[in-house]
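Asks: Take a look at the letters that make up each chain.
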Amino acid sequence: MTGASAAIARRRRLDIVFQATAAGALIVALAALAALVVDIWAGGAHRLSYDFLTGFPSRRADQSGIWHAITGTIFVMGLTAVLAVPVGVGAAIYLEEYGTRRALARIIEINIANLAAVPSIVYGLLGLGLFVRAMGMGRSVLAGAATLALLALPVVILSTREALRAVPSSIREASYALGATKWQTIWHQVLPMAMPGILTGVILALSRSVGETAPLITIGALTYVPFAPDSIWSPFTVLPIQAFNWLSRPQAAFHENAAAAMLVLLAILLLMNATAIWLRDRQQQGLR
Amino acid sequence: MKYLEPILEHGLLACALLSVGTTIGIVGVLAFETAAFLREVPITDFLFGTEWTPLFATPRFGVLPLVSGTLLVSTIAMLVAVPMGLLIALFLSEYAPQQLRRIVKPVLEILAGVPTVVYGYFALLFVTPLLRGFIPQLSAFNALGPGIVMGLMILPLIASLSEDAMRSVPRGLREGSFALGATRLQTSVRVVVPAAFSGITAATILGVSRAVGETMIVAIAAGQQPRFTANPLVPVETMTAYIVQVSLGDTPQGTLEYRTIFAVGMLLFLGTLGLNLASQWVRSRYREEYS
Chain B
1 MTGASAAIAR RRRLDIVFQA TAAGALIVAL AALAALVVDI WAGGAHRLSY DFLTGFPSRR
61 ADQSGIWHAI TGTIFVMGLT AVLAVPVGVG AAIYLEEYGT RRALARIIEI NIANLAAVPS
121 IVYGLLGLGL FVRAMGMGRS VLAGAATLAL LALPVVILST REALRAVPSS IREASYALGA
181 TKWQTIWHQV LPMAMPGILT GVILALSRSV GETAPLITIG ALTYVPFAPD SIWSPFTVLP
241 IQAFNWLSRP QAAFHENAAA AMLVLLAILL LMNATAIWLR DRQQQGLR
Chain H
289 MKYLEPILEH GLLACALLSV GTTIGIVGVL AFETAAFLRE VPITDFLFGT EWTPLFATPR
349 FGVLPLVSGT LLVSTIAMLV AVPMGLLIAL FLSEYAPQQL RRIVKPVLEI LAGVPTVVYG
409 YFALLFVTPL LRGFIPQLSA FNALGPGIVM GLMILPLIAS LSEDAMRSVP RGLREGSFAL
469 GATRLQTSVR VVVPAAFSGI TAATILGVSR AVGETMIVAI AAGQQPRFTA NPLVPVETMT
529 AYIVQVSLGD TPQGTLEYRT IFAVGMLLFL GTLGLNLASQ WVRSRYREEY S
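Going line by line, the protein sequences match chains B and H.
Each residue of the first sequence is one higher than the one before, counting from 1 in the working numbering.
Each residue of the second sequence is one higher than the one before, counting from 289 in the working numbering.
These are calculated hints, taken from the structure and not from any lab test.
C-beta: ideal position from N, C-alpha, C; glycine also.
Where hints are given, some of them may not hold.
Covered by chain H, according to a simulated footprint, are these stretches of chain B (three or more residues, beta-carbon under 8 Å) [what the hints assert, rightly or not]:
id	segment
1	49–62
2	71–82
3	137–149
4	195–202
5	228–234
6	252–264
In silico contact screen, one side only, chain B against chain H (beta carbon under 10 Å); selected entries [as the list claims (entries may be wrong)]:
id	residue
7	97
8	103
9	105
10	111
11	211
12	217
13	219
14	271
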């Protein structure tokens with residue numbers, strides 16, 4: 001009898017030890033995130049100034065700025081959105097509203113699921129072979145945005161489909177009952193209702209593209225670009241690439257610039273994510 | 289309006305087909321350049337050679353050093369990500385109160401959303417110097433630091449997908465276990481984990497695929513020296529880091545050196561595709577079990 005209760009006590013102790021270990025793993029992960037943020041803040045916060053934000057790259061670390069990279073990031077991101085969003089939403093509408101039972105739609109679905117897991121650098125090789133070389137776009141904003149658009153497309157499609165699926169079918173049936181055509185139903189009923197979900201997905205997909213470095217390096221965006229891009233044919237650089245460039249130099253002063261550029265990048269990402277959440281909440285309230 | 293309907297439907301279909309076009313584009317570009325590469329380098333030399341020196345005067349094109357570098361860093365990453373990811377998943381699904389779960393999950397998502405170049409900075413200038421305090425012979429560029437950081441990057445993916453799998457284990461199974469007098473630990477290890485096993489496996493395979501394809505962390509912090517070794521303390525080069533290294537130079541199109549990155553890219557694509565298909569296969573079996 002005492003043996004059994006001792007065994008039970010041991011099991012209880014093991015349970016508590018395990019709970020502590022598991023909670024410890026979580027704390028380690030959160031501590032790592034905190035260390036990362038603190039490390040980058042400590043490394044670069046003192047470099048953040050008006051001159052740094054509005055300056056251009058220089059051979060001297062303390063005179064360098066990131067205006068070219070900020071404008072490059074915004075330009076590329078905007079063009080990526082213009083290319084990826086209409087196509088991605090269109091594809092999602094087709095898969096969700098039109099082709100649900102067709103074999104072709106099934107093939108497209110499997111294809112998108114696999115595309116979503118292809119490493120981003122492989123998209124860079126596609127961009128290099130197709131956009132930069134075969135289509136002769138060169139190392140331009142357009143080539144970069146087209147590459148990132150293909151990369152963002154699966155994410156946009158998947159999140160848009162989820163948003164469309166959340167629209168109750170009774171809305172569609174009511175619209176048909178009033179004599180609306182399929183497209184009228186989609187355009188006037190389904191899309192407006194799904195809009196908050198679509199927007200959230202689009203912003204999250206774009207925020208992933210903003211942080212992407214590898215595919216843009218592969219298409220050759222890492223060049224010395226001491227000016228802001230002024231057309232879709234301009235050569236360009238973006239914040240993560242500028243940070244990588246500074247990080248690969250041996251001098252500590254350039255590492256500080258890299259940390260400062262990353263802080264700006266993280267701030268942009270934070271802003272985008274906050275916008276996504278705000279939009280979703282606002283629209284959800286509007287619907288009620 | 290009636291005439292517009294079929295036009296619109298076909299336009300939308302064209303959008304959806306663009307994704308198939310992307311796949312065809314990837315396979316086409318990679319296959320075209322890889323074929324040109326293999327006309328000059330025998331495929332056995334490429335796949336089984338242990339020296340990778342394409343930029344030397346007498347180039348050798350054995351890809352194994354790049355493969356071993358990739359596997360070494362990925363293994364270290366998985367040694368960090370799988371145990372920690374599973375512990376966190378078990379903690380969130382079996383132990384943690386609802387409120388804590390609601391706070392922690394978005395924070396883990398932040399961890400997953402940090403740009404990889406930032407992780408590279410962290411590996412090079414924080415984790416590696418920290419490790420050198422314990423391991424003096426560790427090089428400034430090595431596989432260990434970036435491997436650990438890559439593990440941190442993949443951890444949220446594994447934790448989140450595994451937790452989803454654990455939470456979809458029917459409540460009744462747990463209650464049955466508790467009724468027989470099992471503790472939460474026994475229930476977790478003997479009931480929840482086995483029941484969610486295929487979901488956890490699928491998450492792990494997807495994590496490996498992510499590790500193999502990850503680029504910036506290793507390009508920044510692992511060095512650029514292709515080396516056929518399993519020693520985590522010395523500089524190595526992964527397949528992805530090699531592609532970045534060549535892309536940084538201005539390699540003229542049509543040279544053998546230019547084609548190497550597509551041949552390496554093809555290997556990378558096939559490897560990750562295989563892993564993704566395996567992950568989907570495991571998960572589709574899992575769905576059958578509960579439907």
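Asks: Each of the hints needs a verdict: does it hold here or not?
Replies: Going down the list of hints, with the structure as the test:
1. With a threshold of 8 Å between beta carbons, the proposed coverage of the segment 49–62 of chain B by chain H is violated, since 0 of its residues qualify and at least three are required.
2. Counting residues of the segment 71–82 of chain B whose C-beta lies closer than 8 Å to any C-beta of chain H gives 0; at least three are required, and the coverage claim is violated.
3. Using a Cβ-Cβ cut-off of 8 Å, 0 residues of the segment 137–149 of chain B lie near chain H, which falls short of the minimum of three, so the contact claim is violated.
4. Only residues whose beta carbon comes within less than 8 Å of a beta carbon in chain H count, and the segment 195–202 of chain B has 0; fewer than three means the coverage is violated.
5. Three residues within the 8 Å Cβ limit are the bar, and the segment 228–234 of chain B against chain H gives 0, so the coverage statement is violated.
6. Coverage of a stretch by a chain is defined here by at least three residues with a beta carbon nearer than 8 Å to that chain's beta carbons; for the segment 252–264 of chain B and chain H the count is 4, and the condition holds.
7. A least Cβ separation of about 8 Å between residue 97 of chain B and chain H falls short of the 10 Å threshold, and the interface hint therefore holds.
8. About 13 Å separates the beta-carbon of residue 103 of chain B from the nearest beta-carbon of chain H, more than 10 Å, and the hint is not met.
9. Restraint check, residue 105 of chain B versus chain H: the minimum CB separation of about 7 Å is within 10 Å; hint holds.
10. Because the smallest distance between the Cβ of residue 111 of chain B and any Cβ of chain H comes to about 5 Å, under 10 Å, the interface hint for this residue holds.
11. Interface hint status for residue 211 of chain B: upheld, as the beta-carbon distance to the closest one in chain H is roughly 3 Å, under 10 Å.
12. A cut of 10 Å between beta carbons decides the hint on residue 217 of chain B: the least distance to chain H is about 5 Å, and the hint holds.
13. Taking 10 Å as the C-beta cut-off, the interface hint given for residue 219 of chain B holds, the closest approach to chain H being about 8 Å.
14. At about 13 Å, the closest approach between the beta carbon of residue 271 of chain B and any beta carbon in chain H exceeds 10 Å, and the interface hint on this residue is violated.
Checked against the numbered hints given earlier, the structure breaks hints 1, 2, 3, 4, 5, 8, 14 and satisfies all the rest.
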